[in-house]
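Visitor: Line by line, the protein sequences are chains S and Y. Numbering (the working numbering) for the first sequence: 1 to 387. Numbering (the working numbering) for the second sequence: 1 to 80.
Possibly wrong hints are sitting among the right ones.
What the hints assert, rightly or not - If you anchor each label on the Cβ, the simulated ranges turn out as follows:
| no. | chain 1 | residue 1 | chain 2 | residue 2 | range |
| --- | --- | --- | --- | --- | --- |
| 1 | Y | GLU20 | S | ALA375 | 40 to 48 angstroms |
| 2 | S | ARG372 | Y | GLU3 | 55 to 63 angstroms |
| 3 | S | ARG386 | Y | ARG16 | 31 to 39 angstroms |
If you are wondering where the hints come from, they were derived from the structure by calculation, not from laboratory data. Predicted, not measured: the structure shown is a model, and the values here were computed from it. Using N, Cα and C, we set each Cβ at its ideal position, and we do this for glycine too.
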Amino acid sequence: MSDFCMPALGADMEAGTLVEWLKRPGDTVRRGDIIAVVDTEKGAIEVEVFEDGVVDAILVKPGDKVPVGTVLARIRAADEAAAPAVPAAPTAPEIPPRAAPAAAHAAPAPRPAAPGERRRAASPAARRRAVELGVELATVKPTGPGGAITLGDVERAAAAVPAATDRLPAMRRAIAAAMSRSKREIPHAYVTTSIDMTRALGWLRAENERREVADRLLPAVLLLKAVGAALHEVPELNGFWEDDRLKQAPGIHIGVAIFLRDGGLVSPAIHDVDRKDLATVMRELGDLVARARAGSLRSSELADATITVTNLGDQGVESTLGIIYPPQVALVGFGRISERPWVADGRVEARPVLVATLSFDHRAVDGHRAGRFLAAVDRHLRAPERL
Amino acid sequence: MTEQDLTTVVRQALARVAPETAATDIDPAVPIREQCDLDSMDFLNFVIALHKATGVNVPETDYPQIASLDAAVAYLRARV
Numbered sequence: 001m002s003d004f005c006m007p008a009l010g011a012d013m014e015a016g017t018l019v020e021w022l023k024r025p026g027d028t029v030r031r032g033d034i035i036a037v038v039d040t041e042k043g044a045i046e047v048e049v050f051e052d053g054v055v056d057a058i059l060v061k062p063g064d065k066v067p068v069g070t071v072l073a074r075i076r077a078a079d080e081a082a083a084p085a086v087p088a089a090p091t092a093p094e095i096p097p098r099a100a101p102a103a104a105h106a107a108p109a110p111r112p113a114a115p116g117e118r119r120r121a122a123s124p125a126a127r128r129r130a131v132e133l134g135v136e137l138a139t140v141k142p143t144g145p146g147g148a149i150t151l152g153d154v155e156r157a158a159a160a161v162p163a164a165t166d167r168l169p170a171m172r173r174a175i176a177a178a179m180s181r182s183k184r185e186i187p188h189a190y191v192t193t194s195i196d197m198t199r200a201l202g203w204l205r206a207e208n209e210r211r212e213v214a215d216r217l218l219p220a221v222l223l224l225k226a227v228g229a230a231l232h233e234v235p236e237l238n239g240f241w242e243d244d245r246l247k248q249a250p251g252i253h254i255g256v257a258i259f260l261r262d263g264g265l266v267s268p269a270i271h272d273v274d275r276k277d278l279a280t281v282m283r284e285l286g287d288l289v290a291r292a293r294a295g296s297l298r299s300s301e302l303a304d305a306t307i308t309v310t311n312l313g314d315q316g317v318e319s320t321l322g323i324i325y326p327p328q329v330a331l332v333g334f335g336r337i338s339e340r341p342w343v344a345d346g347r348v349e350a351r352p353v354l355v356a357t358l359s360f361d362h363r364a365v366d367g368h369r370a371g372r373f374l375a376a377v378d379r380h381l382r383a384p385e386r387l
Numbered sequence: 001m002t003e004q005d006l007t008t009v010v011r012q013a014l015a016r017v018a019p020e021t022a023a024t025d026i027d028p029a030v031p032i033r034e035q036c037d038l039d040s041m042d043f044l045n046f047v048i049a050l051h052k053a054t055g056v057n058v059p060e061t062d063y064p065q066i067a068s069l070d071a072a073v074a075y076l077r078a079r080v
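Extracted from the complex, chain S is given alone in its bound form (with noise of 0.2 angstroms):
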């Protein structure tokens, strides 16, 4: 028998809200099954589980605000016996609460699903959107894609339910958290680096112009593989300080800063970016910021990154001094991408230039390695073909 328990989707975060349950008990279920929506300041979140069983139990219930680490779920293995019923007594969470603890409470059996009855296909921002609202699902009527209900469809339903509760207030306080603990815990160190972009950029013009409009590629997707071919040559930049010492991550989760159009940013990861070709890259960070504007990112993509990258090129910034993600123990930010002199073979061309900056923790990496990783990145953007 094992936890499931309410995931820590950031440092920001303390607790989370469980919108709605995927599965009931007695469900078998199978590692990346997504199995609950949970409410965080940065959305609703898919939440996934980390092994094959079968759910035992399930211990709180939608609406209910727990902290990090509470469980939420019992999971059994296939050849387990089940547990005995679950009291109706609250739960008290078997992690100490990080945040103002709400006790856990046990769940109400779930209804039994009327012959024929299926579960309704809806958004994770509008099952949200309900919970938050009150609205019974079923009573919806959908517009979106498939007869998915969407976060309109909710709100429009509730048309007589007071406007929207703003996220953004609690957003910013959770990130104001964030960077508060990192400048306040971490010693920040910087070094920066001027990369010729005239092969890169040359390269990937070649490479766009023989692709599909679809299929092209954007040259943050360089960037992205830049630093994970670099990350294997200092591989201390990927890893997390945690109790006094410095813990290098097994793989390379590329957090990326993705600005929400209503304000705020999150930073899901992108998995094994090393091991993936450019255009696999590309298709999934389209589809990271996609879903995170739609308000559907799942719990492994909030909670994996190894290491953040940020890039504000196209706010027109020269460079990023960024703060650092904490755990994590590195962040790369990236300017504009624009044509500056540089000097070649003792004469002045425009070329163009891109700022990378890489934001440390000192306590972790010295300068040195740190001038290793941006020098590697530098290295790596100049034979773009083997990215």
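For this one, chain S is given, so just place chain Y on it according to the hints.
Guide: This is chain Y only, laid out in the frame that chain S set:
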């Protein structure tokens, strides 16, 4: 396609990538990237949406020619 059809196509493409931007708020003469706060991914999705709707393949070198709504309509009109 008429100019009005193409204007509708461009507005619909914009609505897909920046759904929070009310179509009536868009100044057709002002660059849409700054007007609608589009990043590179958004703009590529805008180009993809135009391609799907009209069949016109806008090469990257021509992106400056579709910078505003008016410019995009003129660009498409010369090619459909």
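Visitor: Work down the list of hints and note, for each, if the structure agrees.
Guide: Checked hints:
| no. | hint | result |
| --- | --- | --- |
| 1 | Y:GLU20 x S:ALA375: 40 to 48 angstroms | holds (41 angstroms) |
| 2 | S:ARG372 x Y:GLU3: 55 to 63 angstroms | holds (57 angstroms) |
| 3 | S:ARG386 x Y:ARG16: 31 to 39 angstroms | holds (35 angstroms) |
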